[in-house]
Each structure stands twice: as C-alpha cells, then as structure tokens.
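**Q** The chain contents come next:
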Amino acid sequence: MIVGLWMIGGGVAAGVFGSLLGLGGGILIVPLLTLGFGLPLREAVGVSLVSVMMTSSAAAGVYLERHVANLRLGMTLELFTAIGALVGGSIAFLLDERLLSLLFATLLAYVAFTMLQARTGETSRGVDTPDVDLASKDGSPSRPTVLDRLGGEGYQVRNLGRGIVGALGAGVASALLGIGGGIIKVPLMHLAMGVPLRVATATSNLMIGITAAASAVIYLIHGGIDPYVAGPTGIGVFVGATAGSRLGHRLDLSYLRLLFVVVLGYTAFQMLLRVLQ
Amino acid sequence: MTASGRARGLAAERFIGRLLSGITYVSVALLVVGVALLMAAGVSPVSGGPAMDPGRLVSDLVGLKPAGFLWLGLVAVIAAPVTRVTVALVAYARDEDWLMVGVSTAILLVIAIAIGSAVVSTV
Numbered sequence: 001m002i003v004g005l006w007m008i009g010g011g012v013a014a015g016v017f018g019s020l021l022g023l024g025g026g027i028l029i030v031p032l033l034t035l036g037f038g039l040p041l042r043e044a045v046g047v048s049l050v051s052v053m054m055t056s057s058a059a060a061g062v063y064l065e066r067h068v069a070n071l072r073l074g075m076t077l078e079l080f081t082a083i084g085a086l087v088g089g090s091i092a093f094l095l096d097e098r099l100l101s102l103l104f105a106t107l108l109a110y111v112a113f114t115m116l117q118a119r120t121g122e123t124s125r126g127v128d129t130p131d132v133d134l135a136s137k138d139g140s141p142s143r144p145t146v147l148d149r150l151g152g153e154g155y156q157v158r159n160l161g162r163g164i165v166g167a168l169g170a171g172v173a174s175a176l177l178g179i180g181g182g183i184i185k186v187p188l189m190h191l192a193m194g195v196p197l198r199v200a201t202a203t204s205n206l207m208i209g210i211t212a213a214a215s216a217v218i219y220l221i222h223g224g225i226d227p228y229v230a231g232p233t234g235i236g237v238f239v240g241a242t243a244g245s246r247l248g249h250r251l252d253l254s255y256l257r258l259l260f261v262v263v264l265g266y267t268a269f270q271m272l273l274r275v276l277q
Numbered sequence: 001m002t003a004s005g006r007a008r009g010l011a012a013e014r015f016i017g018r019l020l021s022g023i024t025y026v027s028v029a030l031l032v033v034g035v036a037l038l039m040a041a042g043v044s045p046v047s048g049g050p051a052m053d054p055g056r057l058v059s060d061l062v063g064l065k066p067a068g069f070l071w072l073g074l075v076a077v078i079a080a081p082v083t084r085v086t087v088a089l090v091a092y093a094r095d096e097d098w099l100m101v102g103v104s105t106a107i108l109l110v111i112a113i114a115i116g117s118a119v120v121s122t123v
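Residue numbers (this note's numbering), protein chains in the order written: chain A, 1 to 277; chain B, 1 to 123.
Among these hints, one or two may not hold up.
As the list claims (entries may be wrong) - Every beta carbon over 12 Å from chain B, so not counted as near; a handful from chain A, in silico:
{"no.": "1", "residue": "R66"}
{"no.": "2", "residue": "V68"}
{"no.": "3", "residue": "M75"}
{"no.": "4", "residue": "Q156"}
{"no.": "5", "residue": "A213"}
{"no.": "6", "residue": "L259"}
{"no.": "7", "residue": "V261"}
Unchecked claim - Take a look, some chain A residues computed to stay more than 12 Å from chain B by CB distance:
{"no.": "8", "residue": "V3"}
{"no.": "9", "residue": "G61"}
{"no.": "10", "residue": "T114"}
{"no.": "11", "residue": "M115"}
{"no.": "12", "residue": "G154"}
{"no.": "13", "residue": "L206"}
{"no.": "14", "residue": "I218"}
{"no.": "15", "residue": "L258"}
{"no.": "16", "residue": "G265"}
{"no.": "17", "residue": "R274"}
To be verified - Examples of chain A residues toward chain B, derived with CB under 7 Å:
{"no.": "18", "residue": "F17"}
{"no.": "19", "residue": "L20"}
{"no.": "20", "residue": "L35"}
{"no.": "21", "residue": "P40"}
{"no.": "22", "residue": "A216"}
{"no.": "23", "residue": "G223"}
The hints are simulated quantities; they were obtained by calculation from the structure and are not laboratory data. Ideal Cβ placement from N, Cα and C applies to all residues, glycine included.
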C-alpha cells in the first residue's frame, strides 16, 4: 500500500514538473522507477511510454477540438515517428541495459544543458515565430503541392525531408528511452519546418500517441509492461500533468527551471553510476 | 479545398478530439479501479504483476481482480491513438483525400507490423 502511494506521488511529481517545464513526464518517470523503485530500465521505459500516452492523448483531444493541432502534418510525420519507434522498440530488447542507461544519462545531461542555456539566454533571444514565406514564387495559381496541403492557417510548411529524418530519429529515441520526443519534434517543426510554436507543441503532443503505441505494443507483447507498476505511475503522471498545466501560468518558472537542471544533472550522474556498476 | 470540405474536416477533427479525450478518461477510470483493488488487496506494486492473458480478462473483471481492470485500462490507453487514426482514415476517405488515406493506412500498417513482429519474436 505504502509503495503504491509513493509510486502515485512520484508520478504526480513527474507529471507536474514535466508539464510546468514543457517536457512531458517521460524524462522523469524512467529515473524515478529505476533509481527510486529498483525496476529494470527496460520495464521502466515500457511504463513510461504508457504514462506519456495517457497525458498526451488527453491534451491532444483538447487541442484537436480547439483546432490548434495540425492533424494532417501530425499524421504525416507520425508515420515516420512510428517507423522509428518500430525500429527502436525492436532493438531495445537486443541492447545491453547499461548501454540504454548510458543513452538515458546522455539525454538527461543534454536536456539539463539546453535548459540552462535557455535560462541564460531567455532575456536576449526568445523563440520567435520562424521566418515564413507565404508568397508564392511567381504569383501564379498552381496545383497545391503536398507541402501546401500540410500547411495551416497563416503558415506554410517547408523542409518536409528534414522533418521526416527528424521524425524517424524522434521515434527511435522515444522507443529506446520511453520519452514522448517533444524535445526533438517541437524545435524540428518550429525552427526547421516553419510551424508556429503553439501549433508545433500541440501537433507534437498529438504525435506522441501513435509513436508510443508502435513501441508500447512491442514492450507489452515482450512482457515489458508491468500492470501493477503502470497503473499507479500512470494515474500519478496524469493527475500531475493536469495540475501542472493549470498551475503553469501562475508560477515563476525561472527558479523551478534551475532546480530542475540540478535534478537532471544529479539523475544523469546516478544513471552513469549504474552504467559503471 | 471547398468551404463545405473544410467545414467537414473541422467537424471530423472535433469528433476525433472528443473521441480521444473520451477513451483516455475511460482508461484512467479503469486504472483507478484497478489500483484501488490492488491497494485494497494489500499487494505491493513492485511484487510483479501478471502478464496479459486475453483469455482471463473477462473472468478477472467479473471477479474484481486488479489485473483485469489494469490490463483493460492499459490496452485502452494504447488503443486510443490507433482508434483516432482509424476514424481519421474513414473521414479522409469520405472526403476523397487520397494522400491522407494513404498516410493513415500506412500508419495502421506500421502498428500491425509492430504487433506481428513482436508476436513472431516471442514464439
């Protein structure tokens, strides 16, 4: 009973932090379960995938109802994140757990570094609307291209090839490490493909479902998802993410972000120790 | 795209959004029941849960066993985005948007390959 409550509490904390800092809960669930509850990394990744699916599906439903997410672009890219997740989910069971831990530690250190950079640079350079070329090249009406059909109100999509390659990478990372992959997809869509940040965030959220589903079924069939762990953790993350999304605009996130950088750095160090053991 | 086609597209998105939210809340409710039963039985979550056995699902649900509710909830979580793509496929086919019909079909095919390859590798 006590362990179950701790697991729900840990899930709530991961959900609140993830939601407040726009990272999703995945990046915290795996360390929570491996370092906090002694679960094997692969099992923790399976539980994390299901947990991020719960929060992303709920958010994506709202984004679709409000027409914030770009369904066509999301579905086109999620075809490739799903292919990446299929590959990642298949090789996850062939890789040594220590290698997976090393990859996860690297990811944590990278996120901590980028958050620190964002903190020091946020006053001088925010993430602005990308340069979008709305004018047609010769001004003449022509048959809409695939890119034209993927665009939304007030913006055109560009660099689909780069988007596809990035989506494949995001899918592999999601399946191997149990993360939603927003940290790759949002900058990819916003900066490389010309999608406004709000739409890119909503569309990334929408894509998490299918991306994680492609690898979650592999984890499930291989026995990599424990229902007794996934239940309490998933509920905790869901409640935490819901609360975090309502708290976000009321809190000063700059100190929280600094605390998070420290937590991520410490967690990366602990994961590295697991590799060396 | 015509105005009526765009209106149909927006209505389909609204429907898909509601469906996605609905399935998610049902799955959360199932998981809450499963966790409550787990705690009431005094079972530790780290004791190792049973593997999924579709043949035992109904009897576990009827017998109020935590594993039944937890597995049904988890399957619903995974099924939610797949259902979303299936509904979108139907909506795109009705609009004769063959590019998106192809994309939706390919996504479902990837999911089917993921299931098939995992089943084959465990046999």
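**Q** Against the structure, test the hints numbered earlier, and report the numbers of the ones violated in rising order.
**A** Of the numbered hints given earlier, those the structure breaks are 1, 2, 3, 5, 8, 9, 13, 14, 18, 19, 20, 21, listed in rising order.
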